[in-house]
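Enquirer: Construct the entire structure; sequences and hints are all you get.
So the protein lines, in turn, are chains A and B.
Using the working numbering, you'd call the opening residue of the first sequence number 383 and step up by one each time.
Using the working numbering, you'd call the opening residue of the second sequence number 19 and step up by one each time.
Note that these hints are calculated values from the structure, not bench results.
Label pairs and their calculated CB-CB ranges:
(1) Leu242/B / Gly590/A: 34 to 42 Å
(2) Asp510/A / Val42/B: 16 to 24 Å
(3) Pro294/B / Gln523/A: 51 to 59 Å
(4) Leu65/B / Asp510/A: 25 to 33 Å
(5) Ile76/B / Gln523/A: 38 to 46 Å
C-beta atoms are modelled at their ideal positions from N, C-alpha and C, and glycine is treated no differently.
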Amino acid sequence: MRCSAILAATEICIMHIFLFVLHIGSSLFPMIKFDNVNKRYPGGHEALSGVSFHLKPGEMAFLTGHSGAGKSSLLKLIACIERASRGNVIIDGQNLTRLKSRHIPALRRKIGVVFQDHNLLYDRTVFDNVALPLIIAGYHQSEVGRRVRAALDKVGLLGKERLMPVTLSGGEQQRVGIARAVVNRPPLLLADEPTGNLDPELSREIMGLFEQFNQVGVSVLIATHDHDLISRLDYRLLTLRQGKLERDGQTAELQMHG
Amino acid sequence: MKRTSVKNTDTENRQRSRKPRGQVNAYFTHHLWVLVSSLGVLWRTPLATLMTAAVIGIALALPAGLHVLLQNVQQLSTGWEGTAQMSLFLKPDVPEKRIQALVDKLRGWDGVAGVRYISREQALAEFRELSGFGDALDSLDENPLPAVLVLQPTTGAAEPAQMELLLGKVQKLELVDLAQLDMEWVRRLSGIIEVGKRGVLLLGGLLALAILLVVGNTIRLTILSRRQEIIVTKLIGATNAFIRRPFLYTGFWYGLMGAVLAWLLVAALLGLLSDPVNRLSFLYNSEFSLGGPGLETVFILLGSGITLGLLGSWLAVGKHLQAIEPS
Chain A
383 MRCSAILAAT
393 EICIMHIFLF
403 VLHIGSSLFP
413 MIKFDNVNKR
423 YPGGHEALSG
433 VSFHLKPGEM
443 AFLTGHSGAG
453 KSSLLKLIAC
463 IERASRGNVI
473 IDGQNLTRLK
483 SRHIPALRRK
493 IGVVFQDHNL
503 LYDRTVFDNV
513 ALPLIIAGYH
523 QSEVGRRVRA
533 ALDKVGLLGK
543 ERLMPVTLSG
553 GEQQRVGIAR
563 AVVNRPPLLL
573 ADEPTGNLDP
583 ELSREIMGLF
593 EQFNQVGVSV
603 LIATHDHDLI
613 SRLDYRLLTL
623 RQGKLERDGQ
633 TAELQMHG
Chain B
19 MKRTSVKNTD
29 TENRQRSRKP
39 RGQVNAYFTH
49 HLWVLVSSLG
59 VLWRTPLATL
69 MTAAVIGIAL
79 ALPAGLHVLL
89 QNVQQLSTGW
99 EGTAQMSLFL
109 KPDVPEKRIQ
119 ALVDKLRGWD
129 GVAGVRYISR
139 EQALAEFREL
149 SGFGDALDSL
159 DENPLPAVLV
169 LQPTTGAAEP
179 AQMELLLGKV
189 QKLELVDLAQ
199 LDMEWVRRLS
209 GIIEVGKRGV
219 LLLGGLLALA
229 ILLVVGNTIR
239 LTILSRRQEI
249 IVTKLIGATN
259 AFIRRPFLYT
269 GFWYGLMGAV
279 LAWLLVAALL
289 GLLSDPVNRL
299 SFLYNSEFSL
309 GGPGLETVFI
319 LLGSGITLGL
329 LGSWLAVGKH
339 LQAIEPS
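Expert: Below is the structure:
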């Protein structure tokens, strides 16, 4: 009797230690980690200097700043479109500074990207656009159909899968872009000015979608200069100014400070 | 938060465990899909596709047509080479007995399959019958024709070098006035054919280069016109192999279409030539008629067309795809 009680206690103890290690692990391996990152373009323009921050798995944050402050450069470093000139960029435990170019496709499959100008392929249907990441990743035909419909359902476009993108409104095209970004269920979602061309109501809808994805565990980083939109939501806010990380805090704090 | 992440890894595990077999299957399905869709893309611009295919077709048809013609000539001449024989013209006024002795002696030689003796009288009769100069012969006082021994070599000795050796031996015989290889001109012809074959090979090489350039340039223009699409697919995580695939299949189709066109061109060319050739060979009492491209030639034609199409697009893709990166 006593023996089994001790055993049970040890078991619970071990389980707690395990969970603790797991907890530390998740904070040790953030989804995005910038460590004193500099980005200097050929010609001498320094887009980022000494940027350091973490984004935990499942966290959602906004990235803001004036145009030219380095938002796009920061996103490009995450998707390995550009490489850091100094410092380390670590995505999901992978150091991109040393990433071989043949491993870039595998990295990008872990990141869903939503672009300001949608970047859809206009010579194929909505379905084919959304299916592209799955085809690239080599999913089976039946799986592709199921997932594409699920993604389109999530963004409210089920029933428009046979249409060509040009026949859709700007907001709908952006939602196709979002469906394409999440169809592969990536652990990280990046958005570059996703509401740039949309009116306030549509922008709120799009933000609502990002929040939904975040609620099921996807890390989300949204670059935007839409202050009205940010001020209505309470999330972490990273502010860039001339390539430096000027402020890192909640949007609520920002409003308090004016 | 914790619950959802557990659910996520759960679904991921399930995906991983069901991926392998499905993925191999999906890989082939994808290849098939790209194969068909790249043909569909070409089909949508029929005129441009036909022009490119026609350039490839003509470039392939030229050496292929010449090759088929040379093959025909060669076939014609090898038909005669098998019957290669040697004529020994004997000195005049050799007694019949000594001739018989010589015939017996020659039959015993290595490399001699048979010896046929044509006496002066037989030669005269034959000549009278075939030439139509009978009346002219009648006006002559005596038979101007020498006796002839026709020497048939064994198949092993019918090689040009062996024949040369035999000819030398025969010429030293006392009774022989002149020994002549009847098929000398056939060997000269086969020499000419060899030169022709080499010429076709060189021409083919040059035209293959032209095809590479044509396909390469066409694919280059396609790549440039689909630049945006390439950038987007790269951003989504496409590998270079994935992006290369439709362009390679496009090259494949160009090559295949060009080869089929070349085949049709060669067949049409031979069809146009066959009537006059048949008439000519009838005049020569020959049963020769022009043969079409054999199965082997057709395979080589299709194979080289496809290879050149693939290679051309491979070169273009290798050079231009690297330059297109998202920025």
